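Residues 1 to 160 in my numbering are what the sequence shown spells out, letter by letter.
Derived from the structure by calculation, the hints contain no laboratory data. Do not take every clue at face value.
[As the list claims (entries may be wrong)] Listed next, with one range per pair, are the computed distances between beta-carbon atoms:
#1 P8 / S119: 35 to 43 Å
#2 M1 / T103: 42 to 50 Å
#3 M1 / A110: 17 to 25 Å
#4 M109 / E5: 33 to 41 Å
#5 R86 / M19: 21 to 29 Å
#6 D46 / S100: 35 to 43 Å
#7 L70 / M109: 26 to 34 Å
#8 E5 / R86: 15 to 23 Å
#9 T82 / E53: 21 to 29 Å
#10 R85 / P13: 27 to 35 Å
#11 P111 / M1: 36 to 44 Å
#12 Y2 / S59: 31 to 39 Å
#13 M1 / R37: 26 to 34 Å
Since the structure is predicted, the reported quantities are computational estimates derived from the model, not experimental observations. Ideal placement from N, C-alpha and C gives every residue a C-beta, glycine not left out.
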Amino acid sequence: MYRWEQLPPLRVPRSHAAMSVVQGRLYLVGGVDDKGRSISAIDILDDGNDLWEHVADLSVPRHDMGVVTLEPRLFIIGGRSTRDRRMLRSVECLDLERRSWVTDVAGLMAPASGFGCCSLTVPIRKDVKILELRQTIIPPSSEDSWSATDYSASESSAIE
């Protein structure tokens, strides 16, 4: 049975942050501090560790962004910034193995905030069905741009 567990206190208290879990590590990205300002910090909590560790700073402090991991990279997508009070179309990408920024990442087609992201790994089996994917944004490969699709598969579609 699952149960709630208290984690160590944050380095910087925040709201409107985003989080991703990669190989048992929690990555806490951005947010809004207690003075209402966007935060640039990315902090990590290793499983069994008692302290949050500062990993990197975003180039643009942001909150209400989407965060998704496509190993070994953490994508920080869109959001809002209190620095200039606008929604963002920029995308930042942190290489988790090197702990360095990837610089050739295209921005979104339009500013966006307050959305969710996920990465999906589907095993190659004939009995796996994709029922529906809506308003999907596909990240760029190398220097290409982001693209959107409104793909919907029928229930009988199977991966072969």
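Hint-by-hint comparison with the structure:
The hinted window of 35 to 43 Å between P8 and S119 is violated, with their beta carbons roughly 27 Å apart. For the pair M1 and T103, the supplied restraint of 42 to 50 Å holds, since their beta-carbon distance comes to about 45 Å. Under the hint 17 to 25 Å, the C-beta atoms of M1 and A110, about 43 Å apart, miss the expected range. Between M109 and E5 the CB atoms are about 39 Å apart, so this pair conforms to the stated range of 33 to 41 Å.
At roughly 23 Å, the beta carbons of R86 and M19 sit within the given window of 21 to 29 Å. Checked against the hint of 35 to 43 Å, the pair D46 and S100 fails, with Cβ atoms roughly 19 Å apart. Roughly 19 Å separates the CB atoms of L70 and M109, a value that falls outside the hinted 26 to 34 Å. Separation of E5 from R86 is about 37 Å and departs from the stated range, judged on CB atoms against 15 to 23 Å.
T82 and E53 have their C-beta atoms about 25 Å apart, which keeps the hinted 21 to 29 Å range intact. The beta-carbon spacing between R85 and P13, approximately 22 Å, falls outside the hinted interval of 27 to 35 Å. The supplied range of 36 to 44 Å is met by P111 and M1, whose beta-carbon atoms lie about 42 Å from each other. Taking 31 to 39 Å as the suggested C-beta distance range, the pair Y2 and S59 conforms, at roughly 37 Å.
As the Cβ distance of M1 to R37 is approximately 40 Å, the hint placing it in 26 to 34 Å is violated.
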